[in-house]
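J.: Each chain is listed here by its residues.
2 protein chains.
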Amino acid sequence: MTSGAPRAEDGTSPPEDTGFLAVDSGGSGLRVAVGTARRGVLGRRSTATPVPTGARGIDAERLMEDLVPLVEALTADTGAPRPSAAVVGAAGLSTLGDALRAELPGALRRAFGVRRLALAADAVTAYCGALGARPGAVIAAGTGLIAVGTDLVRWRRADGWGHLLGDCGSGAWIGRAGLEAALRAYDGRSGGSAGLLARAEEAFGPVQGLPGRLYPRRDRPAVLASFAPQVAGCAADGDPVAVGILASAARHMAESARAVCPDGGQPLVALTGGLCRMGDPLLAPLALELTRLLPHARRVPAAGDPLHGAVRLAVDLAAGTLALPPDEKMLQVVTTDRG
Amino acid sequence: MTSGAPRAEDGTSPPEDTGFLAVDSGGSGLRVAVGTARRGVLGRRSTATPVPTGARGIDAERLMEDLVPLVEALTADTGAPRPSAAVVGAAGLSTLGDALRAELPGALRRAFGVRRLALAADAVTAYCGALGARPGAVIAAGTGLIAVGTDLVRWRRADGWGHLLGDCGSGAWIGRAGLEAALRAYDGRSGGSAGLLARAEEAFGPVQGLPGRLYPRRDRPAVLASFAPQVAGCAADGDPVAVGILASAARHMAESARAVCPDGGQPLVALTGGLCRMGDPLLAPLALELTRLLPHARRVPAAGDPLHGAVRLAVDLAAGTLALPPDEKMLQVVTTDRG
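Chains G and P, in that order, give the protein sequences.
Each residue of the first sequence is one higher than the one before, counting from 1 in full-length UniProt numbering.
Each residue of the second sequence is one higher than the one before, counting from 1 in full-length UniProt numbering.
These aren't lab readings, by the way, just hints derived from the structure by calculation.
Fair warning: there could be bad hints in the mix.
The list treats identical chains as interchangeable, and a pair is accepted whether it falls inside one copy or across any two copies.
Under the rule of at most 25 Å between Cα atoms (straight-line distance), these lysine to any residue pairs were calculated in the SDA-like manner [stated by the list, open to error]: (1) Lys329 with Gly212; (2) Lys329 with Arg62; (3) Lys329 with Gly209; (4) Lys329 with Phe204; (5) Lys329 with Gly27; (6) Lys329 with Leu197; (7) Lys329 with Ala102; (8) Lys329 with Gly192; (9) Lys329 with Gly205; (10) Lys329 with Pro50; (11) Lys329 with Pro206; (12) Lys329 with Val207; (13) Lys329 with Ala133; (14) Lys329 with Gly29.
Fair warning: this is a prediction, and the values are worked out from it, not measured in the lab.
Let's have the full structure, built from the sequences with the hints guiding it.
T.: Here it is in structure tokens:
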């Protein structure tokens, strides 16, 4: 039993409109929205610097340092009430979220008076942004790739293992395969593409120097993913090797979706993330593969992005109507009343 | 025209037996042999620390600091004459060899009186160790993979692009594919192998922690390659996914060999490096693929390792009978008489 419905302090009805705070913390920075359960989003702000990861995982103190001025500015700009419910969606939450789980409930209580907090994996905010609280599967595909699904009883996830162990079909996967095909052409090995070689040299200079430009960098997956649009362009020109790479990517994506999608009912399936911008060379084979592997699921466009998902979760949390299932690693709801 | 055949200083005949120095500088350290053109190798020593790479590439000063005491000890132990010819085979020579090319000729002249120096890519010492000065193709496959071939007129190379861009069929490639198959089984995606999952957990612990144990390390390719023997073991047990991974690896290896092997004549083809120890699960499909893709080439076992190749080159250099073709990046011969 939760302690305290969204009701005014003096017990009168109708209850006050409850304020919320929605946060999406990812590789490109912090994105924040404030609003109320009835009026929806009143304002948005963001930073361009990601919250750093330290020995204890995602740094909760630094997240609060970045968050407090954003929320204060938003409250001043919009007149939004102090948030009693907050949702923080964070990339890497399940493996790097120990400090967030330990420190955020108390810190958000002290800073803003937050009484209920949901900590969500970025895959969950992506899911909720795309499909809301409906059963189905979402493929979140940008530089990396993870699939998440739910029957509203439990969550399932597939892939998301990073660019060396998986993320099959992701931007890094597609770009890496395209560069391998370019170098095969350079070497005179089979499976090469002269078109991808030309595009690789346009993007990165002479390929002899490519290892020296890629391996010393810390953002290797992003460098690889930066070549994915070139693979799509080459496929659009009819290059059979590039077409084959995107067909394989689409198959991997659909396989991950199948692994997480509910077997029964009429689940929805959606793609979200940067790979949506790859256009028909990827999206056409993906539609075919999803129809083949998930004939009972209905393909729908994603309704919104992960911040939109965090907002949806926050509105439901504020109203006490959260329908997506809690999960120790994916979606953890904490009541901070005793904090 | 080279200045000075291996002849005694006073011009008498027969010429003195010429001393040589052979060096193999790789990821596991420095390996050194001294000897004479007529008597062959008289002694060997090694260090366990690789020569570091700095802003100017492989650090020539540090290489000399490690080399001088080894050579002095070997000369004292064996009574070998001071080397007038030296061969230094180094991993990364073509891209990271600027300092070696600039500084080693003078440094070796001053330290030991070396008059002729050959700087060889590690792929060339691997080739010469495996096949000597005969036309053919060598697949050098350990953590990484490169194929080199020669018709004794020029060198060709294929792959060797590192674990993200290529090294297709290498130990890192096989291990990575095996771990992906393990995680596919864990996720319930197609293409998974329960046998590889069990072996992955035995080797690395629960797979949920695998990304955290792999990505922060600097020796990621070696970590991936450490799983390759498990893939071979699983294939030997009949696991179809593991068998398929090794069949693909064998195809990639043979494709690289085909790209560098002379088209005419009766070239030799050999495998050298750590993957030789993978046994039949890899070597049987490799034999099939080589027969399919290079029907005119004769498969032979590698005669020796890269240090053996450096020794062969050094003996030929000392005797003035070097038959393998010089090449700006692969095999550079420098006369240091004017140094």
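J.: Next step is simple, just say for each hint if it's right about the structure.
T.: Evaluation of the provided hints:
1. Taking CA atoms no more than 25 Å apart as the test, Lys329 paired with Gly212 passes between copies only; the shortest distance there is 16 Å, against 38 Å inside one copy.
2. Proximity of Lys329 to Arg62 under the C-alpha cut-off of 25 Å is restricted to the intra-copy arrangement: shortest distance 22 Å within a copy versus 49 Å between copies.
3. Proximity of Lys329 to Gly209 under the C-alpha cut-off of 25 Å is restricted to the inter-copy arrangement: shortest distance 14 Å between copies versus 42 Å within a copy.
4. For a Cα distance limit of 25 Å, the shortest separation of Lys329 from Phe204 across copies, 21 Å, qualifies, whereas the shortest one inside one copy, 39 Å, does not.
5. Taking the closest pair of Cα atoms, Lys329 and Gly27 come within 25 Å of each other only inside a single copy of the chain (19 Å); across copies the shortest separation is 40 Å, beyond that limit.
6. Proximity of Lys329 and Leu197 under a CA criterion of 25 Å is satisfied inter-copy only: 22 Å between copies versus 42 Å inside one chain copy.
7. In the homo-oligomer, the alpha carbons of Lys329 and Ala102 lie at most 25 Å apart inside one protomer (14 Å), although the nearest pairing across protomers, at 56 Å, exceeds that limit.
8. When the C-alpha separation of Lys329 and Gly192 is checked against a cutoff of 25 Å, the pair qualifies only between copies, where the shortest distance is 24 Å, while the shortest distance within a copy is 42 Å.
9. In this assembly of identical chains, the alpha carbons of Lys329 and Gly205 lie at most 25 Å apart only when taken from different copies (19 Å versus 43 Å within one copy).
10. Taking identical chains as interchangeable, the C-alpha atoms of Lys329 and Pro50 lie at most 25 Å apart only when both belong to the same chain, with a minimum of 21 Å there against 42 Å between chains.
11. Only between protomers do Lys329 and Pro206 lie at most 25 Å apart by alpha-carbon distance; the minimum there is 16 Å, versus 45 Å within a single protomer.
12. Taking the closest pair of Cα atoms, Lys329 and Val207 come within 25 Å of each other only across two copies (15 Å); inside a single copy the shortest separation is 42 Å, beyond that limit.
13. Within a single copy, Lys329 and Ala133 get their C-alpha atoms as close as 18 Å, which meets the 25 Å cut-off; across copies the closest is 60 Å, which misses it.
14. Only within a single protomer do Lys329 and Gly29 lie at most 25 Å apart by alpha-carbon distance; the minimum there is 22 Å, versus 44 Å between protomers.
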